[in-house]
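Q: These are the residues of each chain, in order.
There are 2 protein chains.
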Amino acid sequence: MSKLPKIKQSKIVAQTRLFAVEELSMEFSNGEKRIYERLKAGSNGAVLVIPVVDEEHFLLIKEYAAGVEAYELAFPKGLVEPAEKSIDAANRELQEETGFAANKLTQLKKISLAPGYLSHKMDVVVAEDLYPSKLEGDEPEPIEVIQWKFSDIEQLLLRDDFTEARSIAALYLLQSFLQQKD
Amino acid sequence: MSKLPKIKQSKIVAQTRLFAVEELSMEFSNGEKRIYERLKAGSNGAVLVIPVVDEEHFLLIKEYAAGVEAYELAFPKGLVEPAEKSIDAANRELQEETGFAANKLTQLKKISLAPGYLSHKMDVVVAEDLYPSKLEGDEPEPIEVIQWKFSDIEQLLLRDDFTEARSIAALYLLQSFLQQKD
Chain A
25 MSKLPKIKQS KIVAQTRLFA VEELSMEFSN GEKRIYERLK AGSNGAVLVI
75 PVVDEEHFLL IKEYAAGVEA YELAFPKGLV EPAEKSIDAA NRELQEETGF
125 AANKLTQLKK ISLAPGYLSH KMDVVVAEDL YPSKLEGDEP EPIEVIQWKF
175 SDIEQLLLRD DFTEARSIAA LYLLQSFLQQ KD
Chain B
25 MSKLPKIKQS KIVAQTRLFA VEELSMEFSN GEKRIYERLK AGSNGAVLVI
75 PVVDEEHFLL IKEYAAGVEA YELAFPKGLV EPAEKSIDAA NRELQEETGF
125 AANKLTQLKK ISLAPGYLSH KMDVVVAEDL YPSKLEGDEP EPIEVIQWKF
175 SDIEQLLLRD DFTEARSIAA LYLLQSFLQQ KD
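Those protein sequence lines, which keep their order, are chains A and B.
Okay, so the first sequence: first residue is 25 according to our numbering, each after it adds one.
Okay, so the second sequence: first residue is 25 according to our numbering, each after it adds one.
Note that these hints are calculated values from the structure, not bench results.
Please note: incorrect hints may appear among the correct ones.
One copy or any two copies: either way a pair holds, since identical chains are not told apart in the list.
Calculated pairs, SDA-like style, for lysine to any residue (alpha carbon to alpha carbon, straight line, at most 20 Å) [said to hold, decoys possible]:
#, residue 1, residue 2
1, K27, I170
2, K134, L180
3, K64, I36
4, K64, R41
5, K64, D112
6, K30, P106
7, K173, S200
8, K145, G123
9, K64, A38
10, K57, I167
11, K173, L197
12, K128, Q204
13, K205, S175
14, K134, I177
15, K57, E93
Values in this document were obtained by computation on a predicted structure and should not be read as measured data.
Could you build the full structure based on these sequences and the hints that come with them?
A: Next comes the structure, spelled out in structure tokens:
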């Protein structure tokens, strides 16, 4: 309905090993002008994988999160490599981070993180029909893999080490997906 | 259970108007060393507000999201100001972005965004018992306020303009909160 504002000018104002900050000169359809900054994501996208073990259990991983300086529970995730499909990236990350591969992978939704100032998007993928298969990742220490019960999700939501919006959102999308299957 | 890795050194490697990128020299308890980068959030925190109209409806806003260059549906949110409580920030943002204030505000959970490389955390607050009250914000154009039915949440999750992980997570936390009230 609303007419998209125009990006009159853009430039990279900072570039580090991982991050690129872009400054945008915006003009809205009503004539208002604003200078915005946003973070540019890599061009290949990212995936989050929900490993479903059976009707009663799913897997979470616990690893160090430098942004919040704590060990956090979350679903496996990672960047898609050049020329890799996001389904294949999901199966690779699953094997690197949990030691399982999946015979069945289903894309649920492409989610954004903070669309106001991050360009990052991420495919949420459900992995089912798991079998043991380990790929080496680049983790500094072994990742802890935790089996969780669907019946204990309320306790999970209450935990101080399960805070990541993407993983909470994924759990919601999973429940909606599983209900539609029934 | 796991012993926290040590931050041996840290320095700001880029600073723009909005963003600060920090480089960390990490040492894990097994002796492995890594260089990490993370984005530092402002020190006052942020809030996301879920405005509940009645037992059948809640409010969403639609505004331009520069990160993904699209108009996106989401819950109102914003930064907490210095010396402001997050409940008060929630009520202020609610008035700025929807034209309503709330008599009842309940903190649900503190969520993180991408804890691996962002330090950002955000209080999710439910706003109930709404009444008209408008505060001027700094928006470049009027924000569209949309009333949505709880019974139409499945359609919302399917929409391409409702992608934000924080808002999807908030909806899940809201449903869990409302079920516990029943």
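Q: For which of the previously enumerated hints does the structure constitute a violation, in increasing order of number?
A: 5, 6 and 8
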